[in-house]
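**Q** Build the full structure now, drawing on both the sequences and the hints.
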Amino acid sequence: MVTESPQKPGRGKAVSWLRDNRVVRSIFRRGYPDNDLDRAAVMFSNFFLHVLPARTHVHSLKPTYTWGLGIISLFLFVVLLGTGSLLMFFYVPSTGRAYSDMKDLQFVVSYGVVLRNLHRWAAHAMVAVVFLHMCRVFYTASYKAPREFNWVIGVLLWGATLMMSFTGYLLPWDQLAYWAITVGSSIASYPPLVGEYIRTLMLGGDTVGQNALIRFYVMHVIVLPGVMMILMGVHFWRIRKDGGLSRPPAPPSDAAQGEAAAFSPHKTYMLVELAEGKTPMVDTQAPEEEVMSWPHTVFRMLVVFVGVVAVLSAVAYFFDAPLEDLANPDHPPNPAKAPWYFLGLQEIVSYSALAGGVIVPAAAIIGLMTIPYVDRDPEGQGTWFTSGQGRRITLWSIVAVIPVVLVLTWLNEHYAVRILVPGASQIWVDLLNPGTILIVLFAAGSLYIWRRTGSSRMGALALYSYFLTSYLIYTLIGLYFRGANWAWIWPWQATGLH
Amino acid sequence: MANSNQNNSRVPFGWVVAFAALSVCAALFFLLSVWKDYDREWRGYQRTFREMLVERAGTEEERKAALASGDQFEQIIVAGGERVDRCVMCHRGVEHPAFKDADQPFARHPTIPPHPFEQFGCTVCHQGQGRATSVQDAHGEVAFWEEPLLRGGFIQASCGPCHAGALKDAPLIQKGKLLYLMNGCLACHKIRGAGGVVGPDLTFAGERKKDPKWHIEHFKFPQKVSPGSAMPAYGHLKPEDLEALTVYMLSLRRAPSALALAAPRPAAGKK
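The listed protein sequences correspond, in order, to chains A and X.
Every letter in the first sequence is one number past the one before it in the numbering used here, and letter 493, counting from 1, is 493.
Every letter in the second sequence is one number past the one before it in the numbering used here, and letter 116, counting from 1, is 116.
Don't read these hints as lab results, they were simulated from the structure.
It should be emphasised that the depicted structure is a prediction, and the values quoted were computed from it without experimental measurement.
Misleading hints may appear alongside valid ones.
[Stated by the list, open to error] Only some residues are given here: those of chain X computed to face chain A with a beta carbon under 7 angstroms:
1. Phe13
2. Ala20
3. Ser23
4. Val135
[Unchecked claim] Residues of chain A clear of chain X, computed beta-carbon distances all greater than 12 angstroms:
5. Tyr91
6. Met228
7. Gly244
8. Leu395
9. Ala400
Backbone N, C-alpha and C fix where the C-beta goes; we use that ideal spot for every residue, glycine too.
**A** Right, here's the structure in full:
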């Protein structure tokens with residue numbers, strides 16, 4: 001296999017010595033791959049590349065199919081690990097020191113400001129990009145067999161990403177951090193029976209203090225990154241085992257007619273590929289639809305990585321991470337707001353704590369995790385919105401939800417349970433509020449579409465779009481339209497936004 | 001794999017262009033960030049100070065030493081790090097005898113014998129943000145910093161926490177106290193157990209609000225800065241009286257704990 005690469009004309013002796021000396025050869029055993037054999041070999045002999053296949057299906061490289069969102073999430077995670085490790089050298093998780101350490105990062109630590117900016121913006125970006133990645137996977141029906149469980153792992157990774165951001169939010173120990181975590185952890189305390197236990201477990205007490213800071217710190221720098229790295233490993237491994245990224249099924253050909261016909265005279269087979277069970281790579285792929293992963297996949301990934309670094313460093317150059325006053329448990333800002341990705345929940349909590357703290361998040365998580373097991377027929381896999389019909393249903397679901405949410409919010413403002421019947425029991429408030437009513441409407445709407453079209457996929461498209469749109473609206477309301485005492489304001493009347 | 005497809009081994013040209021463009025962009029912002037990190041405000045002040053030092057040098061040796069000195073990082077650590085004052089990064093002349101007549105930021109600080117810099121630092125009297133190394137941040141005249149630099153007569157308030165009774169160098173505290181009594185503030189407010197209970201207890205008023213501008217504004221229009229307050233306006237008082245009252249309010253705070261810790265030590269250290 002080791003072939004001496006022929007001396008190309010025009011290259012000096014120095015270059016070939018640099019390329020072929022004993023040390024370089026001991027690291028890169030085969031030299032630069034300039035033929036397909038070495039291009040395949042480099043993929044499976046290199047530790048960092050071996051998670052990728054030697055050949056990649058052209059569909060997986062289409063930017064408009066994946067938008068690169070999964071790999072961007074990974075690269076943001078890598079940036080966060082790097083900047084986070086450096087920040088750990090300058091940070092002590094003590095209530096007496098944490099805020100001073102932020103000030104020292106800003107004023108005396110070399111590159112302290114840019115490190116903190118990169119970390120902060122990469123973290124916000126990761127919350128957004130991981131969510132967009134989930135939307136891509138959903139709208140291309142990539143959660144379907146055999147990828148059901150990988151979708152579940154993805155949902156767990158999304159949850160871990162939110163927890164990473166939430167635990168990191170507290171660490172600067174300023175007013176913004178302190179009160180966002182106070183509000184966020186009180187949302188977690190609303191489930192009946194277990195709620196208070198959850199909060200006590202999370203904070204190590206009733207309020208945010210030194211115990212909470214050290215818990216959040218350990219979760220942020222050890223536990224959650226460890227969990228995420230393991231889950232990512234499984235996530236990527238399963239992509240390989242499931243035959244690469246999802247794509248539309250190949251048109252029926254002689255290559256796909258049962259086990260025996262799966263053999264192609266143009267391919268070489270290893271023993272594992274002849275074992276029991278099918279290898280997804282073989283039965284759906286024709287050699288002409290593949291390109292060598294080196295350089296095609298590897299180079300595109302490199303470009304995306306440089307792009308992530310370029311955009312992050314530009315944002316970090318122009319915008320500084322926020323740092324408010326030192327945390328002061330006696331002076332809550334009004335309004336105290338949770339981190340932006342929980343503001344939708346906080347808005348629903350303002351109607352009913354049970355709805356925002358329990359019903360909506362539970363419905364969202366259970367709904368997301370069970371979708372691949374409910375919507376089972378393999379229709380539309382690998383195509384955005386499945387079909388023209390799916391595209392129309394998605395669009396109209398989004399358009400229809402906007403007035404419904406706004407009307408319900410208006411109704412709640414003027415004809416809420418407690419306004420109509422001042423002494424009404426809390427049960428009625430928890431049952432009849434925009435949060436719970438929307439869940440019922442969404443379930444009814446998507447079931448209707450399922451029956452009407454006879455396709456569970458169409459119902460799933462509608463349901464996901466309902467949730468997505470309504471949560472987005474509530475997040476915007478919480479972010480821009482809520483002021484002191486959670487009263488309505490216009491965005492330009494806001495005083496202390498974050 | 002046998003049919004090695006050589007013309008398929010090149011990535012599309014567009015991706016190469018994207019790689020080049022994004023690399024240039026990343027490199028540009030990397031260099032800009034390096035420059036932004038190096039180009040700190042205090043370096044300019046240290047350069048100006050060096051030039052002045054060269055001008056004022058008495059002997060050739062002093063001149064050479066001044067020329068040879070580079071940018072220096074300097075801070076006063078009070079009470080093992082509870083306070084860290086980096087004011088001397090720019091205010092280079094505070095202890096230099098040759099800068100007695102110099103203007104700020106290089107003016108020499110008048111000596112107040114029992115208050116050595118090494119032990120007290122700067123912000124314990126002047127307020128501001130000691131850890132900061134850029135002008136606006138250090139003077140605390142920025143958002144999210146509650147203790148702005150005490151300018152003019154307001155600095156007298158800082159003597160109050162430690163020095164009870166009349167101080168000849170801080171007459172405004174005494175004047176403010178008198179105004180407090182004469183204007184009947186006592187009817188509603190309590191200080192150390194004496195006074196009414198309608199308004200808030202003012203024993204530590206200077207710890208709650210540390211910005212003189214807030215106090216002046218509050219005396220003129222109480223409801224503007226403290227909505228719902230029942231306090232009558234005192235805008236009819238003369239501006240200098242409002243200033244004295246503000247000094248008195250600001251002086252109502254506990255002695256800084258950092259100093260209580262530092263006092264028994266011979267010197268808290270200067271790096």
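**Q** If you test the structure against every hint from before, which numbers come out violated?
**A** Failing hints, ascending: 1, 2, 4.
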